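**Q** So the chains spell out like this:
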Amino acid sequence: MLETALKGSRTYWIWILFLLTIIGIGLIFYIKQFIVGLGITGMSRDVSWGFYISQFTFLVGIAASGVMVVLPYYLHNYKAFGRITILGEFLAIAAVLMCMLFIFVDLGQPLRVLNVILHPTPNSVMFYDMIVLSGYLFLNALVGWTALSSERKGVPPPKWLKIFVIISIVWAPSIHTVTAFLYQGLPGKHFWMTAIMAARFLASAFSSGPALLIILALIIRKFTKFDPGKEAIQALGKIVTYFMITNVFFLGLEFFTAFYSAIPAHTHPFVYLYAGLEGYNKLVPLMWLSNILAIISLVLLVIPQLRRNEMLLAIASVCVFFSLWIDKGFGLIVGGFVPNSFEKITEYWPTIPEVLIALGVWSIGFLVLTILYKIAVSVREEVGSIDIHH
Amino acid sequence: MSIRRRDFLKIAGVSAIAGIGGVSALSLLKIKGSEASSYIEDPKTLKGKRWAIAIDIQKFQTPEDYARVINACHSIHNVPDIGNPKEEIKWIWTESYEHSFPSQDYGNPYIQDHLKKKPFLVLCNHCDNPPCVRVCPTKATFKRKSDGIVMMDMHRCIGCRFCMAGCPYGARSFNWRDPRPYIKKINPEFPARMKGVVEKCTFCYQRIAVGLQPACVEASKGAMIFGDLADPNSEIRRVLSSRYTIRRKPELGTNPSIFYIIGG
Ligand code: SF4
Ligand code: SF4
Ligand code: SF4
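Which chain is which? The protein sequence lines are C and R, in order. Its first residue numbered 479, the first sequence is counted upward by one per residue in the working numbering. Its first residue numbered 54, the second sequence is counted upward by one per residue in the working numbering.
Rather than coming from a laboratory, the hints here were simulated on the basis of the structure. Treat the numbers as computed from the prediction; the structure is a model and nothing was measured. Certain hints may be false.
Only pairs whose alpha carbons sit at most 20 Å apart, straight line, appear in this in silico SDA-like list of lysine to any residue [to be verified]:
no.	chain 1	residue 1	chain 2	residue 2
1	C	K667	R	Q157
2	C	K637	C	A619
3	R	K248	C	F512
4	R	K302	C	T745
5	R	K139	C	W827
6	R	K100	R	A283
7	R	K192	C	M608
8	C	K822	R	G160
9	R	K302	C	E821
To give an idea of the chain C side of the interface with chain R (calculated C-beta under 10 Å), a few residues [as the list claims (entries may be wrong)]:
no.	residue
10	V525
11	R590
12	K822
Cβ coordinates follow ideal geometry from the N, Cα and C atoms, glycine included.
Full structure from sequences and hints, please.
**A** Structure (structure tokens):
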């Protein structure tokens, strides 16, 4: 099927070339980082994780969200999702790849990465994260590819696939739960030490992921002959709505616990992020942008008449995506380190090389995603079917 | 290979020449073609089940008292002076009472002046229940079973910095770039680190192995007391049972091995 990725329109190739350029730039800066060290980033002794790890965290959510289309289709036989399950699975593949790359570019000694496997350490959550992420990558690649191949041949997918589908459904929440455990079990990191962290991660994942899928589905419809279907997009809209509400609710719970208890160590990170602490306020505008985007998206999503308008749904999806990207792909990690273990403040802001490396990784993800989607769409165009049954 | 090096690291007697995961020591092993365990422990090696330090804060009076202790550690351990707080590397340094013990008495303006103004020496606590060891995905940070020292294997560390997030005491530093150009005078007896690895106080395991007290303790001229918590007759146990001491963030359950003597 791979050959279908090699035949494309002008726009397709321009897009591929564009991504390759960004990847090239990112690679150049990564080489610089490799030679000089992580000193070229904005991270510091006090804020020792930054942009890379935040992107990783956010993307684990995007990866996990694939289950939101797979589950209704396979377990509830929700036919409208039949056409987009493959989009969810392929998105998960690209997202997990990006996660792994973000961990990799964050390592101080990347050539020793195999030490994690050579010296397996079951008391480290990182050990489990490695297992669940690679497992999830494998499951989605297997299920997505097999289902698409059968579809091309015009036969139903093999029976054994169902077992892997079910495993992948159970597996999806695990990747984000384990990722939350990386943070929520650390003594002395008050911002992260909250039992609701994993739940919050899942809520934000299941809203930002489907929001991205809506955007992708609309793009695919615009540029190809393949239509993911109005009903599917609307159903995704409902999923985004419910989980975005849950996400904002969970954030509210965090605020209540911190501010009603009024324990300084618990309130400080929130004050730092949303109002600034002791004159330090670099993240405040971003965090408020996140809040405003969340409010706009909720208005557009909660009112059914607005949500049914595809244009407005697209705007709402973009708002959800960026709101949660700021919240999780930036604030959540930095907030854990401010104030530091001495209740002192060191601020963090990514450097240009750091952002370019991150953009490079995103572009690799989008390149993989584009190729996978191109294959999926070509198969659909080839088969020309309207109703696809896995 | 590295397993052998680790066993080897645990053998106190050779650690003196080995340094941190020492390359030279490893090649030494190969030359002699023998297993690490066949080395005989230095008879002078200090014996203890759980090393600890008690810092008598009253005995630190002048800035010189602190500087002497800090320099003793940083000079022999090739700790670089990067000159940029963002990339700072430090094994032992000072913080105020409020910042060293934020949970003790947060924002109490009425505490005794001598506490409020006093700098406190802070270093790795060699926790009995160390979160840094718990989170490390490669066992590059590990607790030595024989005496409880929380050790670093700089040759295994992948630089993920999970341990820095896990340590609630800010005891760990990362090499954001090659530290060598920033070391004033390299001590050839102790390995310098490379970029991309985490480091911290190692409780002078290389000195203990040859019968010496930690460098900071030695330089403190009696203001720091080093000893074995497991030995009821040790000096440190006598001090702890007779004077009022506190530890940093005891509520986290890490069980630090560094004590601060506050009262008489
Ligand atoms: S003080 Fe920090 S680095 Fe030292 S043992 Fe405790 S947790 Fe680990
Ligand atoms: S930075 Fe090194 S010592 Fe720290 S957790 Fe990672 S591998 Fe372990
Ligand atoms: S025990 Fe040794 S390594 Fe640790 S601070 Fe003292 S001198 Fe430095």
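**Q** Now tell me if each hint is right for this structure.
**A** To see whether the hints hold, each was checked on the structure:
no. : hint            : in the structure
1   : C:K667 / R:Q157 : 16 Å, holds
2   : C:K637 / C:A619 : 17 Å, holds
3   : R:K248 / C:F512 : 10 Å, holds
4   : R:K302 / C:T745 : 18 Å, holds
5   : R:K139 / C:W827 : 12 Å, holds
6   : R:K100 / R:A283 : 11 Å, holds
7   : R:K192 / C:M608 : 15 Å, holds
8   : C:K822 / R:G160 : 13 Å, holds
9   : R:K302 / C:E821 : 12 Å, holds
10  : V525            : 9 Å, holds
11  : R590            : 5 Å, holds
12  : K822            : 6 Å, holds
In terms of the numbered hints stated before, the structure departs from none.
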